[in-house]
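There are 2 protein chains.
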Amino acid sequence: MNFCSNCGASVTRLVPPGDNLPRWVCSQCNTIHYENPKMIVGCVAEWDSRILLCKRAIEPRYGLWTVPAGFLENGETTADGALRETLEEANARVEIAGLFSLYNLPHISQVYLLFRGRLVDPDVSAGAETLEARLFEETDIPWSELAFATVRNTLQHYFSDRRTGHFGFHIGTIEPMARRQG
Amino acid sequence: MNFCSNCGASVTRLVPPGDNLPRWVCSQCNTIHYENPKMIVGCVAEWDSRILLCKRAIEPRYGLWTVPAGFLENGETTADGALRETLEEANARVEIAGLFSLYNLPHISQVYLLFRGRLVDPDVSAGAETLEARLFEETDIPWSELAFATVRNTLQHYFSDRRTGHFGFHIGTIEPMARRQG
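Sequences listed follow chains A and B, in order.
In this text, residue positions in the first sequence follow the working numbering: the first is 1, and each later residue adds one.
In this text, residue positions in the second sequence follow the working numbering: the first is 1, and each later residue adds one.
Think of the hints as simulated: they come from the structure by calculation, not from any bench.
Values in this document were obtained by computation on a predicted structure and should not be read as measured data.
Among the hints, a few may not be true.
Repeated chains share a single entry, so a pair holds when one copy, or any two copies, can fit it.
Unchecked claim - Straight-line Cα separation of at most 20 angstroms, EDC-like style, residue types lysine to aspartate or glutamate; simulated pairs:
(1) Lys-38 with Glu-73
(2) Lys-38 with Asp-80
(3) Lys-38 with Asp-121
(4) Lys-38 with Asp-140
(5) Lys-55 with Glu-138
Whenever a hint applies, use it, and build me the whole structure from the sequences.
Next up, the structure:
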């Protein structure tokens, strides 16, 4: 951030009075430009025991597989965002069954919220940001070609819970690769 | 938003190529300025059956009661944010016991995430944004002086669950007053 989005003057990094964190503050109109984490919402969508995955047509992780998910938009509920992403990425319609996992990614200031969903029909196809949309049995999940740790962990919990007949709610934190290995 | 925070030129509201929503886009450097919902994180903190509430010293809802809660900051996990807000607003230390409620407020593009917590000790006092911090028995909760519907709904679920001996996870959407009455 270099300029104030309100008045166009330059901004300075400082701790505003009464605050305890540095913010971008306008040198002219004194607007404080707060920056906050973003939510990624998505869906583990099932049809007759098979799970919907999308092969990414965009960076990051081009060519790897994910559940349909993307940034929550202003004016949406978290479930509405998950429905929209599933429609956009896989042309798939789902009924949301409940929130299934929350993952914190503090190093990139993101929070993932992934729902469980039931596909309304098995007609899925690639949206604009997807190379291929496909339904996978558990035994066919491309574990080594999953795009994100959030997706891998969520799918592991999903199949584990499904075997018990009871879906829980899972919360966790994903550390960057270096810290996980360290 | 009037100016590009990257280069200082003016911004235009338009649907970027490949997108389907209007965004603020820089007329000069073409930066797309996405705007996304924010998370409010907080905690229903209990000590020996009593619940911690804070009387707000700031707008909105100055003088009304809330559980400690505030905007999640970049670099934080949701639980870390709840701990920080509880410390800042009530000088109170808690152990987080689990996520208890999620409320969507799509009309103001916010998502509340409220945890359950156990106070480490009963020493609570007003922080800078709080007029008074106090522990309330269920029978003494100032229901008509609560600051937010998210807090009222969460406390109702909390006491209801506590009577059953099992705390669930509650998800809901708060509509603006006019729509709720309509």
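Okay, the hints, checked on the actual structure:
1. For the identical chains of this complex, Lys-38 and Glu-73 are neighbours both inside a copy (10 angstroms) and across copies (10 angstroms), given an alpha-carbon limit of 20 angstroms.
2. Both within a single protomer and between protomers do Lys-38 and Asp-80 lie at most 20 angstroms apart by alpha-carbon distance, with minima of 16 angstroms and 16 angstroms respectively.
3. Taking the closest pair of Cα atoms, Lys-38 and Asp-121 never come within 20 angstroms of each other, the shortest separation being 31 angstroms inside a single copy and 33 angstroms across copies.
4. Proximity of Lys-38 to Asp-140 under the C-alpha cut-off of 20 angstroms is found in neither arrangement, the shortest distances being 32 angstroms within a copy and 37 angstroms between copies.
5. Within a single copy, Lys-55 and Glu-138 get their C-alpha atoms as close as 17 angstroms, which meets the 20 angstroms cut-off; across copies the closest is 51 angstroms, which misses it.
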